[in-house]
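Listed below are the residues making up each chain.
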Amino acid sequence: MARLSEENLALALEIIGRYPRKKSALVPLLHLAQEQDGYVAEDAMVHLAELVEVTPAEVLGTCSFYEMFKREHVGRYLVNVCGTMSCALAGADELIHHVEQRLGIKVGGTTADGLVTLERAECQAACTEAPCLQVNYRYRYRVTAADVDALLDDLVAGRLDGEIPAHGVVARVRQHIPAERAVPVQPPEAVTAAPAWFAEESRT
Amino acid sequence: MTSGTTFPHAPGYVAGDRPRIVTARFEFEDSFTLERYLATDGYAGLRAALARPPADVHAEVRSATLLGRGGAGFPAGVKWGLMPQGVWPRYLVVNGDESEPGTYKDRLLMERDPHQLIEGCLIACYAAGLSQCFLYVRGEMAVAQERLATALNEAYAAGFVGRRILGSDFSVDIVLHWGAGAYVVGEETALIESLEGNRGMPRLKPPYFPAAIGLYGKPTIVNNVETISNLPWLLRNGAAAYTAIGTEASPGTRMVAVSGHVERPGVYEIVNGTTTFRDLIYGEAFCGGIRGGNTLKAFVPGGGSAPWFGPDQLELPFEGRTVGAAGSMLGSGAVMVMDHTTDIPAAALNLTRFYAHESCGKCVPCREGATWLERILERIVAGEGSERDLELLLDVGASICPGDFPHASSERLGLTAVPFPYKMTTICFVGPSAFVPVHSALTLFRDEFEARIKRRTTIAVTASRVPR
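Going line by line, the protein sequences match chains W and G. Numbering-wise, our numbering puts 154 at position 154 of the first sequence, and it's gapless, one number per residue. Position in the second sequence counted from 1, then plus 204, gives you our numbering.
Pulled out of the complex, with its shape left as it was, chain W reads as follows:
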C-alpha cells in the first residue's frame, strides 16, 4: 500500500518541524502511516525515509522494534488482554482462554471476517482494575467473561464505532503549535549559548 496522502504529508511535515533533528519524528510518523493504512506499509516506510533523510532500512529497523507497529493487516479491532502479574492474580489466563474459545482463534490470530485480532498484552498500567484489556488502546476494567461477550457483540454490531476508532488511530486529538507562539527550533549544534531568558547571573 501507500505512501502518505497529501493531507498526511502536511501533518508529517508539521510534526518533523518540531524536532531539532528530523529523525526524532520517526515514531510519531510511523503511527501516522499506520493510522492511514491500518498497518505500516512498505511504501510508507520508504516515504518516511525520504522525509526524515535516513535509509528505508533504518526506518524498518525502528519500526520493527516496537510492538504497536504492525507490518501486515490486523483486524479492525485489536483486543489486547493483559496477562501480567496483577491481572494474572485476578484470573487473566482464564479470561484469555475464554476469549480464544469465544472467537475461535488463538492469541496472535485474527477472526476470519477480519474484525478482531487477539493479543496477550504485557502490563497496561491499570493494575488495580484487574483484569483489564484494551480494544484499539481503549480500556475495559475488571473484565469478566460476560463483559467480554458483551463487548464482542457490541463490536460486531458496530455499537462502539463512536468510542473506538479503527486500528491504527491511537489519539484522536493532535497537538498543533500555532506559528506565532512557537519557539524557533534549531539543530542542537547550532545552539552555543544559554537561552536569553536564562540570565548569566542566575545560571545553576
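Take the hints with a grain of salt, since some may be wrong.
[As the list claims (entries may be wrong)] In the DSS-like style, the derived pairs of lysine-lysine whose C-alpha atoms are separated by at most 30 Å in a straight line are:
id: 1; chain 1: G; residue 1: Lys566; chain 2: G; residue 2: Lys627
id: 2; chain 1: W; residue 1: Lys70; chain 2: W; residue 2: Lys106
id: 3; chain 1: W; residue 1: Lys70; chain 2: G; residue 2: Lys566
id: 4; chain 1: W; residue 1: Lys22; chain 2: W; residue 2: Lys70
id: 5; chain 1: W; residue 1: Lys22; chain 2: G; residue 2: Lys566
id: 6; chain 1: G; residue 1: Lys566; chain 2: G; residue 2: Lys409
id: 7; chain 1: G; residue 1: Lys627; chain 2: W; residue 2: Lys22
Simulated from the structure, these hints should not be mistaken for lab results. In this text the structure is predicted, and so the values were computed from the model without any measurement.
With chain W's structure known, arrange chain G on it following the hints.
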C-alpha cells in the same frame, strides 16, 4: 473528604484524609480542563517561579529533596545540578512511558491533571535553563495522549507555553511525543534513543547520567511524570511546606498502586516515608486486608523489578532507604499482593516471562539469560522439571547478577536480609529484573518448587495458571 472515597471518572484512585499534593483535583470530573485548572490555583506555581531568578527556583526544589518517582529515587534538584557548565542547549524529557508491572499512577496523572504536568515542565525548564521539553507518553495510552494534546493546545492558546510565556522573556516549547510499545524504553537512555527515532535500546554507560550527555549528545534532564507533577504545588507552597509532610529523607507524598489479592485494590497518594506496608495492605483507609479473609503469602513492594517481601516485612515504612536495607526497593510505587492460594512458581514465571519478552536483546546475559530462565520455569510449572533445574536457575541468574543477590529476611526460614542493590553484567535493569522473581520465589518458597518437581508425573498442564 471521608476515607476511601472513589470517583467513577478516575478508576482506581482512592482519596482519603491525607495530604494531597498531586491528586488534589482528582475529585473533579473536569479536572483535565484549563477552566478547572485555572479555578484551582492553576499556573500559580509558574507565576511564582517566574517572579524569581531561575537559580532561586532550582534552590527551592533542591531544598525540598524532591525524590524521583520513576524508580531510582534520585533527588530532582540534585539531578538538575549535574549538567555541565557552558554546554548548550539543554533539554527536558519527561518519562511517561509507565509500564513496570503493577504500576498505575503516571497514567492517572496524565489523564486527570495534564495541566499540572505541563506547568511542572515549565517550572523545570525555567529553573534549569532547558530550552525545549519533550513529553514522552507511552504509546498504548490513547486517552492520556488526547488529554495532553488538548491541554497543550489550550495552554499554547492561553500564552502559558511557547514564545514569551505570560509576557516574560521565558520561552519554551513542549512537544508531545509518544511511544509504540516497548517496556525497555522506560529506561532513560533507551527513552532518549527512542526520541531520536531509533530502536529503543539503552546506551552503554558511562556516561551514567543523561544530564551530562543525553538527547543529541546534549545535557538532558529525564524526570518522571509524578516527579514533575509535584513542582506546581512545591512552587506555590514552598519547600518548607513540602518537607513538613513525610520524613526528612523522604518528604512529601507518593502515589502507590496496590493490586492483587486485597479487598480494595487502589491507587493512593500516601504520606512519604511513614506509611507502613501493613497500613497499605490492611488499613481501613487503604486496601482493607487480604481478599476473603485469606492469608498473606508474599508481596512485591515496588513493581515487578523489586525483590519480594513476606509477612515479616509488613511493619516496614514505605521509605526508600529502609526498604533497600531490607533487601528490596520502592521502585515505581507498585505493591502487588499474593495470598495463600497463589501458585508461587507460576507467579514467578509470569514476571520472568514479562522481562524475557521485553528484553531488547542488546546484552547477551539478558537476552539469553531471561529466555532460559523463562523456559526452565515453564517446564517446572508444567510438571516437567528436575531437581537440577533449581540450581540451573540460580546459575543462569548468577551470569546476569554475579555475587550476593538481595532478598528479604524470614523468621520462618531463619534468613537475614541481603540489602539492595546487586551487581550486574547488563547495561540496564531489565536483565536482573528477570532474575528477581526467580530468586525471591526460590529463596522464600523453595519447597513449592521442590513439590512441583516431585509431583511431575501427575500434575496437569492447567497448573500453569495462577489460581484465583
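Practice problem: Find the hints from earlier in the document that the structure breaks and name them by number, from lowest to highest. | Solution: Hint 7 alone not satisfied by this model.
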